[in-house]
Every structure is written in structure tokens, then in C-alpha cells.
Amino acid sequence: MNDHRTIKILLISRNKSALSELKSGLGKKQVQTEWVESGSIALARIAQENFDLAVADENLADMTGLEFCEEVIAQNPMVNLAAVSTLSPADFHETSEGMGILMQLPVSPTQKHAEKLLNQLSTILGLAERIEFKINE
Amino acid sequence: MNNEKRGELVIMRNGRIAVPSNGNGGLDGTRSGHFGHCDVFTFIDVENGKIKQVSTVPNQEHVQGGCMVPVNLLANHNVDALVVGGIGMRPLMGFKQAGINVYHDSERASIRPVVEDLIAGNLPQITDDQVCGGGGGGMHQR
Chain R
1 MNDHRTIKIL
11 LISRNKSALS
21 ELKSGLGKKQ
31 VQTEWVESGS
41 IALARIAQEN
51 FDLAVADENL
61 ADMTGLEFCE
71 EVIAQNPMVN
81 LAAVSTLSPA
91 DFHETSEGMG
101 ILMQLPVSPT
111 QKHAEKLLNQ
121 LSTILGLAER
131 IEFKINE
Chain X
1 MNNEKRGELV
11 IMRNGRIAVP
21 SNGNGGLDGT
31 RSGHFGHCDV
41 FTFIDVENGK
51 IKQVSTVPNQ
61 EHVQGGCMVP
71 VNLLANHNVD
81 ALVVGGIGMR
91 PLMGFKQAGI
101 NVYHDSERAS
111 IRPVVEDLIA
121 GNLPQITDDQ
131 VCGGGGGGMH
141 QR
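Just so you know, the protein sequences line up as chains R and X, in that order.
For the first sequence, position 136 (counting from the first letter as 1) is numbered 136 according to the working numbering, and the numbering increases by one without interruption.
For the second sequence, position 67 (counting from the first letter as 1) is numbered 67 according to the working numbering, and the numbering increases by one without interruption.
Simulated from the structure, these hints should not be mistaken for lab results.
Since this is a predicted model, take the numbers as computed values, not measurements.
There could be a bad hint or two in this list.
[To be verified] List time: in silico DMTMM-like cross-link candidates among lysine to aspartate or glutamate, alpha-carbon distance up to 25 Å: (1) Lys116/R to Glu61/X; (2) Lys5/X to Asp39/X; (3) Lys96/X to Asp52/R; (4) Lys96/X to Glu61/X; (5) Lys16/R to Glu71/R; (6) Lys96/X to Glu67/R; (7) Lys28/R to Glu49/R; (8) Lys96/X to Glu97/R; (9) Lys96/X to Glu49/R; (10) Lys8/R to Glu61/X; (11) Lys5/X to Asp80/X; (12) Lys8/R to Glu34/R; (13) Lys96/X to Glu70/R; (14) Lys96/X to Glu21/R; (15) Lys96/X to Glu116/X; (16) Lys96/X to Glu71/R; (17) Lys8/R to Glu115/R; (18) Lys8/R to Asp62/R; (19) Lys8/R to Glu21/R.
With these hints in hand, go ahead and build the complete structure from the sequences.
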């Protein structure tokens, strides 16, 4: 990944406090975070700007977090996604299969989750830039 | 691409086809059931309806949430068409956005007959309700 690139992350929750710990953990030099209160506002922001990641709380004012993820995929599949969910990991996997969600987060995710999330995101953004090619016939 | 439409099907005259493949890939190799977990992608370059060249590119490491990585990989290699046995909604939307047509065959393991069918216009494009997960058919073949 380009060391000088700013990572843009959109946080969506009804109450700012629900993702405040996570936001603190994401507060790195090259990370820019923005919080919005509903799925529809978030979708409008994603239409205006290129975000690397959107993190949705389990229930938003106007839709569930997973419904929001589906809307994002239809609108801009390049945006990476993480979602708060109280489902078991197996149920979450089953429910979100095909949506390519980066990480399931617990309610009120912490700074440790932020660190893990950033590492995972960095891996993906880095992988997208490594390409090899070989002609064999 | 200069291809010919025949109803819902497309006869491929020119372009690059990608096939998620097992092992070393190649035209006589076998297909991987899920594009995100394949070993390599076999590229088949088509010119005037004939196979002109076959090449391979290694897949990237698969990490959770990284399903856009192969989308970028194939887009960067100017792929026009992809044949899958199964695919999730997010990568399918990604391929659509990248202008890569996604075709579907969940039956045959061999690469060659599927490619020949695609070139001849006998392979259907995958539809949104055929994707893996989300109650959409679940065609995962790992």
C-alpha cells in the first residue's frame, strides 16, 4: 500500500457514542474518519466521495447494518465493509455470505478492534496493488 | 470487443476470457469452483472467434473481505469475460462495474469445453439471483 495515502473511513451509527471507542482507535495519522447517523446519509456520502471502508452499527435509524451493506454493494462494491452484529460468527457468515464483509464487530467495538480492522484493511488494499503475469502457451 | 449478440447469449469474436483454475491452469486444466479461492486464473485470448493465446496469472492470497482483490487483478489484465461456478454478490457487482461480463457454468470441471461454449455463444451470463449467499441460490463449490 502507498505509505502516503490517506485511508477514508465512514462510521454509521444512531448514536455517536456507539462507535466512539472504535473511532479513537482509528485515529491514526493517515486515517480520516467521518461519522453519520443513518444509512441513507451514509449512502449519499459514499456517492459523493471515495471511502475505503464503511463501518455500520447493527441497527441504524433507517435500516439494519446488513441491509446498509447490501445497499452499498449495489451502489459501490469497491467500498470495504465491516458490521457490528450480535449474531454468532457462524450465523453471521451464513447471513452475510457473498457480501465480502471484512470483519464482524461486537457491540461497542474497542480500540483493539480498530487496530485489527486497520491491519485487515491494509492487507487488502496492499494486495490489490501486487500483480504478476506469466504467459505459458 | 466486437462481439455478436444472439438473444441473451453473446458470441465472442474478440477479447480475453478468464477462468478460475486449479493447479497450473491452462486450457486442458480444471476449473476451480469458487473464483476467490482458485490457484491461478487461466486467460484465453480470442481473436476472430478463435483461441489465439493462453496464459495464466496467479491468484492473490484470499483474505476475509478481500473479494475485490481478484476483481482489480482481472480488470488490470484487461479481462472481458469471466466464467464462474459460483460467486458472491459483492464481487459480481464489482465485475459489472469494471465492465467484465460474468458467465456461469456450475456443471463441468474442464476448462476447454466451457471456453469453447462461451466463444460459440452457448454460455449464459450469471444473474443476480444466482449468486452465493443472501438466499440467492448458494452455488459455492469449494
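So, going through the hints one by one against the coordinates:
no., hint, result
1, Lys116/R to Glu61/X, "18 Å, holds"
2, Lys5/X to Asp39/X, "32 Å, violated"
3, Lys96/X to Asp52/R, "19 Å, holds"
4, Lys96/X to Glu61/X, "22 Å, holds"
5, Lys16/R to Glu71/R, "22 Å, holds"
6, Lys96/X to Glu67/R, "21 Å, holds"
7, Lys28/R to Glu49/R, "20 Å, holds"
8, Lys96/X to Glu97/R, "19 Å, holds"
9, Lys96/X to Glu49/R, "20 Å, holds"
10, Lys8/R to Glu61/X, "24 Å, holds"
11, Lys5/X to Asp80/X, "15 Å, holds"
12, Lys8/R to Glu34/R, "8 Å, holds"
13, Lys96/X to Glu70/R, "16 Å, holds"
14, Lys96/X to Glu21/R, "36 Å, violated"
15, Lys96/X to Glu116/X, "22 Å, holds"
16, Lys96/X to Glu71/R, "16 Å, holds"
17, Lys8/R to Glu115/R, "15 Å, holds"
18, Lys8/R to Asp62/R, "23 Å, holds"
19, Lys8/R to Glu21/R, "17 Å, holds"
Hint violations for this structure: numbers 2, 14, all remaining hints satisfied.
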